[in-house]
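One letter stands for each residue in the lines below.
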Amino acid sequence: MNSTISVQHVSKWYGQVVALSDVSCEIGPGVTALVGPNGAGKTTLFKIIAGLLVPSQGTVRVLGQAPRAHPELYSKLGFCPETEPLYDFMTGQEFLELSAAMYGIADPQAAAMRALERVQLLSEKDKRVGAYSRGMRQRLKLAQALVHDPEILLLDEPLKGADPTQRLLLLELIRSLGQAGKTVLISSHVLYEVERMASQILLIHRGRLLAFGDVRAIRAAMDDRPHRVLLVSRDPQRLAALLTERALVSGVTLSNGQLIVEVRDPAAFYGRLPSIVVEAGAPLERLVSLDEDLESVFRYLVR
Amino acid sequence: MKILRASFGISYGERMFSAAIFRMTLRQLVGRHRWGTLLMVLVLAAMPAAVALLIPQRPQVGIELVKKLLVPWLVPALVLLGGATVLREEIQNQTFVYLYLKPISRLGLVLSQFAAALVVPLGATALSSILLALARDGPLGVFLGVGSIAVIAYGALFFMLSLFFSRVVLWAFGYLVIWEGFLSGISQSVAQVSVKRYALGLAEALQGSGGEPSALLSITVLFGLVIGCLAISAMRLRALELAGSAE
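Those protein sequences? They're chains A and B, same order as listed.
FYI, the numbering for the first sequence is 1 to 303, going by the working numbering.
FYI, the numbering for the second sequence is 304 to 550, going by the working numbering.
Hints listed in this document are in silico derivations from the structure and should not be mistaken for laboratory results.
Careful: at least some of the hints might be erroneous.
What the hints assert, rightly or not - Label-pair distances were calculated between CB atoms; the ranges are: (1) A:D88 x B:L519: 46 to 54 angstroms; (2) B:R335 x A:V288: 56 to 64 angstroms; (3) A:N38 x B:Q491: 55 to 63 angstroms; (4) A:Q65 x B:F526: 48 to 56 angstroms; (5) A:P37 x B:I489: 58 to 66 angstroms.
As the list claims (entries may be wrong) - Covered stretches of chain A (in silico footprint by chain B; criterion: 3 or more residues with CB under 8 angstroms from a CB of chain B, positions within the stretch not fixed): (6) 45-59; (7) 198-211; (8) 268-279.
Computed from a predicted structure; not experimentally measured.
Ideal placement from N, C-alpha and C gives every residue a C-beta, glycine not left out.
Can you make the complete structure from the sequences, with help from the hints?
Okay, here's the thing in structure tokens:
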């Protein structure tokens, strides 16, 4: 992977409080989600990558350079902060035009209009920011991060406060940015949404990086936790007996005609399941992996 | 230029002044939302002329008011009200992140904000000087020159202090009352290092009354102070961490 953001052994502490502890990762193009409970250290990591904070230990490189020492790097980086305050006395268009001008863009007005259009705020461009709803403010913050079409986007909780329609719009926008080859690092509390847009996750808890990579790959690497699989068949008892007999499952639960098995070796299980179903003489009606979603991975890791 | 860039840690591709930051800061400082403060600035600006009209006419009354009222008290107040603490306020209300994360050198950021912060106090001081010259015949050029230089010097000092202390108004007040007011009165050494001394020295020199410090020394010291304060501000900004409202 061509990494655009490199975080090496980064720690950050405030007196006795450790906000981040020895975090290392390489982030490349596409959407990477930073996931973790409140106070996990997500915003601290964002701020260190953006150069707003200095790590107590370790190094951060964005496109090969340390952002704090190279402000010119900010022409390639867009940051959407989690914090609410904006310039309330300006209109949305004024704010974006001035933001674009700060990047040295030749036509700030056109850039501002494009950004407003991308977040569907064109109709509200002449309204004072102070009169914007929370969702509109959120979209304006995203627009200012996009106004100079940066290679790297750091989006700290960009979906916060957005209504369902806006969330959908923002999800699509973020996904399209990733598909266009931008490096997008995004944090969100809504795991379902993270799963829909991110190709990779960075799971952080109490300042420590617990997992990094594809959700399924992380789940597969968690050898100490059996995988739970739901099987619906006309003869669940027979299927359960065969799976137990062949030592393919470590636990079996039968309820309401549904069979939930615990699998320690997914490769062997999925490899031999078809022949066992044939042997049981009752075709499978449904097969669902119950814990390969982000929420399960998250639950396991932060427990 | 290379040496200048290297000493301030400015790499190529970064700008040393941003008209957009200047405009954004100015919009903040002269917007309708600040009408109360701007009204107070106008009242303060009119004060020397009002006092001049109230006291009996005598020679040099104008320059006396510049030396005893405008420079030591009104200019610092105008500077503080007019926006010398704007950068600190932006850091505290967390909008500074929108300026900080731009491809502009830290010195450029300081210069752009400082320039905007001078607009209101310079305008008010010019108005004050004009009103004073009209109220009592006086050398408008001297009033304007001394007032403007004092604005820039106090402005740079308070701008820098605001990056170190959250309650900069208290620190500025302490500096004016304790350092320039009290300690300078009892110690010549303390008086040597005050904005007031050199601003008043300049006033006397421009007025043609001579004395110490000379005009050249006054301008050199005040110019050095401004450069020093802005350079320290840029260095401070480079070291500053923007963690949040606790800044």
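Hint check results:
no.: 1; hint: A:D88 x B:L519: 46 to 54 angstroms; in the structure: 47 angstroms, holds
no.: 2; hint: B:R335 x A:V288: 56 to 64 angstroms; in the structure: 60 angstroms, holds
no.: 3; hint: A:N38 x B:Q491: 55 to 63 angstroms; in the structure: 59 angstroms, holds
no.: 4; hint: A:Q65 x B:F526: 48 to 56 angstroms; in the structure: 35 angstroms, violated
no.: 5; hint: A:P37 x B:I489: 58 to 66 angstroms; in the structure: 60 angstroms, holds
no.: 6; hint: 45-59; in the structure: holds (count 6)
no.: 7; hint: 198-211; in the structure: violated (count 0)
no.: 8; hint: 268-279; in the structure: violated (count 0)
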